[in-house]
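What follows is the residue order along each chain.
Number of protein chains: 4
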Amino acid sequence: MSRKVPVAIVGANGYSGEELCAILARHPAVSIAAVTSRQHAGKPAGGVLPRLSGVGDFSQLLFTEPAIDSLLGCGAEFFFLALPHGLAAEYAVPLWEAGKRVIDLSADFRLRDAGIYREFYGEEHPAPQLLSEAVYGLPELHRGSIRAAKLVGSAGCYPTSILLPLVPLIKAGLIDVSDIAVASASGVSGAGRKAETALLFGECNESLRAYGLPKHRHLSEIEQELSLAASSRVMISFTPHLAPMTRGIHTTIFTRLAAGVSPESILPALQMAYANEPFVRVSTNLPDTKHVTGTNFCDISARFDARTGRLILLSAEDNLVKGAAGQAVQNFNLMAGLDETAGLL
Amino acid sequence: MSRKVPVAIVGANGYSGEELCAILARHPAVSIAAVTSRQHAGKPAGGVLPRLSGVGDFSQLLFTEPAIDSLLGCGAEFFFLALPHGLAAEYAVPLWEAGKRVIDLSADFRLRDAGIYREFYGEEHPAPQLLSEAVYGLPELHRGSIRAAKLVGSAGCYPTSILLPLVPLIKAGLIDVSDIAVASASGVSGAGRKAETALLFGECNESLRAYGLPKHRHLSEIEQELSLAASSRVMISFTPHLAPMTRGIHTTIFTRLAAGVSPESILPALQMAYANEPFVRVSTNLPDTKHVTGTNFCDISARFDARTGRLILLSAEDNLVKGAAGQAVQNFNLMAGLDETAGLL
Amino acid sequence: MSRKVPVAIVGANGYSGEELCAILARHPAVSIAAVTSRQHAGKPAGGVLPRLSGVGDFSQLLFTEPAIDSLLGCGAEFFFLALPHGLAAEYAVPLWEAGKRVIDLSADFRLRDAGIYREFYGEEHPAPQLLSEAVYGLPELHRGSIRAAKLVGSAGCYPTSILLPLVPLIKAGLIDVSDIAVASASGVSGAGRKAETALLFGECNESLRAYGLPKHRHLSEIEQELSLAASSRVMISFTPHLAPMTRGIHTTIFTRLAAGVSPESILPALQMAYANEPFVRVSTNLPDTKHVTGTNFCDISARFDARTGRLILLSAEDNLVKGAAGQAVQNFNLMAGLDETAGLL
Amino acid sequence: MSRKVPVAIVGANGYSGEELCAILARHPAVSIAAVTSRQHAGKPAGGVLPRLSGVGDFSQLLFTEPAIDSLLGCGAEFFFLALPHGLAAEYAVPLWEAGKRVIDLSADFRLRDAGIYREFYGEEHPAPQLLSEAVYGLPELHRGSIRAAKLVGSAGCYPTSILLPLVPLIKAGLIDVSDIAVASASGVSGAGRKAETALLFGECNESLRAYGLPKHRHLSEIEQELSLAASSRVMISFTPHLAPMTRGIHTTIFTRLAAGVSPESILPALQMAYANEPFVRVSTNLPDTKHVTGTNFCDISARFDARTGRLILLSAEDNLVKGAAGQAVQNFNLMAGLDETAGLL
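Protein chains in written order, with the numbering used here: chain C, 157 to 501; chain B, 157 to 501; chain A, 157 to 501; chain V, 157 to 501.
Any given hint could be a false lead.
Any copy will do: because identical chains look the same in the list, a pair fits if it lies in one copy or spans two.
[As the list claims (entries may be wrong)] Subject to a maximum C-alpha distance of 25 Å in a straight line, what follows is the list of computed SDA-like cross-link-like pairs (lysine to any residue): (1) 160 to 496; (2) 371 to 416; (3) 160 to 494; (4) 327 to 418; (5) 199 to 226; (6) 256 to 159; (7) 350 to 463; (8) 371 to 255; (9) 160 to 275.
Read the hints as simulated data drawn from the structure, not as lab findings.
Work the whole structure out from these sequences, hints included.
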């Protein structure tokens, strides 16, 4: 193994941040220059995150304060931001200005339009001048731009599970983009490591419930990318649910074939689109979140309901891996000129 | 407490059967004349079903063989059949001929059309001559007929969760019946107490997956009842999922308003329809399976997605109670002239 | 049903309080005069606790402020306190002085010795003058005193699961009280409905861990009652664990037979001790929490390890029912002169 | 990466076998020459085990019949046996005779004494002549012998979690070996991928129960190794429990200090014993199974109960990794002269 790329992880204490640490600690071409936690600065990172104790750089790393000056001086060339939206931009701006390359796991740099950000996030975008610089970090859609990008807004968990089955079919003109309704279910880690009553074990176990409808924030990036693929404005219905599991997103999409399209053409179109993708598995088997948990895979399948003429697309991914930390590392691998699968297979 | 109605439970060892025993053992107006289990005949029922040990009649009851002769002689006036479809009819026929009243929890007497049964269950109906006698056992739709019925095919779990939100809106002409797509998720007990690898804890925990699409058997009774409400043939898409919980069904329905209907009219229409129903709760709050677990309630809510013009209906119930055993007892209460809520609130 | 006893529930919003509401709402001889919640005063109780919407008095009840004056005037004869320790005493004192009868679910009135309270709870007892008035609320041990008591400190969850198997054997001189070590595992609801990171679904699911050793607070009441049974000072080791389930406590006790005692005498001794107890089931089958969930039963069994000479006692209960709310209602039934099982079977 | 060691996996379809495949597919120094499944011979391994689809050699591997001739000819130098006890020996004997090196995950070669095997497994040992050749596969205890071994009986899941905390303390004479009682809890995957009613989701979820006491089979290897460490016959009490989680074992050990030993010496003794072990983490923090899930770590801690003089040792591991497949690979790494942590960190 040759030179290791020095990276920093800003905000390591949430679920995505911890997963990012777990992946990067085992990454063969990475050294961790800094890992920050406001709450735990000064403490051994392996003590705060016991899963990581004794794993790679986490045998010695201490958490540091997320001060921008010390981050700029820590030697890292790439910066992963695992912070709440809004706060992420506060770090992205000075890092970008200092010429660093940034992979942001928050929603701050996923949208191209500050007005859409305002509409869905309820506040002004904190750094609209960078929106035209940022690349939407879903490698299967934007691999080329990601390679060259200085700032990547790594794609969100629900969006990834919805875009991967839909985009190739939309690009090929196989489905009716005016009729798309999505029901997704996520494990509870998707809500973050927040001390809220609604996320207690006693509230989430033996519970299944919809939430955040009809206008979940992730709709903004989903529709941005669907519209891009369709070269026309696409709007969909999206109903997320919370399921009693720690990890995993399952997505079920109801749509219809475009006029004249044969149902038999759908699965082959998906298989062809993803034939060379290392992390998308298209199969006749129905996806199951347990087959992707802990991996960077997104599994996809399709069924045609001949009785009603509906096409049903299904996908499964680990919300913390392909839906967050794994995707961020996949983006990083591309940006750093490494094997795209390094540390991820 | 006055006279107790003697009942028999045929097939008490599955999940629905056990739940039925649990409800009937505590029912103030019921005495249990017989409880059968081929596998456990002769054993104390409270030993085989430890939850029930020491509860009411289960302090002394022995399981008996499900022989029709001994059932006819056991003194029961009402017979609950908690058996696989096909087998249930083998008991229903002689019981019916002997003038007994039967509540069947299987699918055998839910359909009016033997051809539909053949299409969805893949075999000839075992007793087509009784189909015109049987009543579909969903009290909120067929209360009057159930009261007088000798044979009730108690409504299924998914169907109950789908019909209760839809039927009043269809009857009132408020929705477009040509555009209905349903995503439901069920706890694993819905698959029965069967020794199958796919139902092991290790396969179902931390797993969410669709199954049985696009033509799940329950579609047959769902569409029968929707068509009845609409006075026209209704076909829908239905995607069931298995969720990592023991009990509960959550249903999310995507549909559209009928022309000229205001979104504001939906929730009031549901509230009015169920104002006097003891077991349907309509609320602005989104349903959550944990709020209905162990109860005979079905919780319903609705949201309008103004961006796409879709109406989203949501419901939650306990698949083993309102979706099976509780519903059967509600039907029984009606048939026996008891308070409809006896033993259920 | 004749006269209903008016009761008040102070602090209904925690897990024990909600379970208490669920039991009392269905209790045939109770009317709920008041139910308090500081946080939710003025709101319909069935809206805050959706499980209870439409159930008995919860169809109309509003939460009220827990002000002592309004409680004294609400018409209740019995007061259930489901409050944190320390706070419970603040209510118990004026209620007791006003001649009301109180069932306290907290730890405030379980100990006879204010010094022990200080040692285990780290603060001065808030009302030491009432300790001699209060009765330890475990009906199987103190039924007579509970009947007459004005103030009952309802027994805790772990203590109930440990005392019920041990006390009859100690009283009969069958085991060596100098050698008792206990490993218990509790569902997460035992920790209360508190917004703490450690209780999140993502922290408790797929997790099993010990905590609170070696000196858990419940040891104080356990040893008080064991010493009473033994007529000598008994000290034990107790290791509680948190298990990934919502409800249930399982207890495994390692002890030894007293000199000359035959292993064959243990199970019969337990069976005889509990022959007439409605809520204790002694069996050769190993207890399983799922068989007691939602019930007021405590299941008990025993095994002798001939190789090492150890006796292993096992028990299971629902921590929120026999370990909290059910036990409180059992105590109430005794105090009110009702059938001890009313509302509980 | 230089030469890859060719290996075969016999019996890949159980939980341990699948986990072994997952680890070996990502092992940097291994090529998979054959993977067998009687049930699935001829099928793509990645289709039967969807988690592994697209991972390393599993992109192309087909399952083969477990015929000894074809195994001998498949080119593998090392053979992993993930088979039921008894059956494993049928493969181990001819492989051993052909000069192959074998890592057996079953219990067949863990015991040195065929009489003990008969006592605990209820049948004659199928290959007693090999018992003296086999090495007990717990690297922390027998690293040197494992390196040179041709046949390793990889240590069991419960035994690993019990031996790692106890053996260093016993060797150092710090604890009283006559007083050891153990309560362990395992995730359900420990029972294997067997279609048994007792292992269904509906039976294991929201359930905690003891089983297999007082004489679980694993006691035989536990006591063999404890006795070896103590140079005297050691017998312990062991109560395993089934907990509602897929993976993980948590062990709580009650014991006492040897005469004159200070409680303060225990944790340092453990830390010193494991200072250079890559997979044993000793900490003052209480172990939690979620911190070791998916890893080859065993976490250990200790508490002294000054009130009763008991020492409480605690450990956590992933039953399928350090308790089965990871341990097997750790043994393999030693036997093959590779870095002990290859593929495991």
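Evaluated hints:
1. Both within a single protomer and between protomers do residue 160 and residue 496 lie at most 25 Å apart by alpha-carbon distance, with minima of 15 Å and 23 Å respectively.
2. When the C-alpha separation of residue 371 and residue 416 is checked against a cutoff of 25 Å, the pair qualifies only between copies, where the shortest distance is 23 Å, while the shortest distance within a copy is 32 Å.
3. For the identical chains of this complex, residue 160 and residue 494 are neighbours both inside a copy (11 Å) and across copies (23 Å), given an alpha-carbon limit of 25 Å.
4. In this assembly of identical chains, residue 327 and residue 418 lie within 25 Å of each other by CA distance solely inside one copy; the values are 16 Å within and 35 Å between copies.
5. When the C-alpha separation of residue 199 and residue 226 is checked against a cutoff of 25 Å, the pair qualifies only within one copy, where the shortest distance is 16 Å, while the shortest distance between copies is 50 Å.
6. Proximity of residue 256 to residue 159 under the C-alpha cut-off of 25 Å is restricted to the intra-copy arrangement: shortest distance 18 Å within a copy versus 39 Å between copies.
7. Proximity of residue 350 and residue 463 under a CA criterion of 25 Å is satisfied in neither setting, with 44 Å inside one chain copy and 30 Å between copies.
8. Taking CA atoms no more than 25 Å apart as the test, residue 371 paired with residue 255 passes in neither setting, with 36 Å inside one copy and 55 Å between copies.
9. In this assembly of identical chains, the alpha carbons of residue 160 and residue 275 never lie at most 25 Å apart, being 41 Å within a copy and 55 Å across copies at closest.
Against the hints set out earlier in the document, violations occur for numbers 7, 8 and 9.
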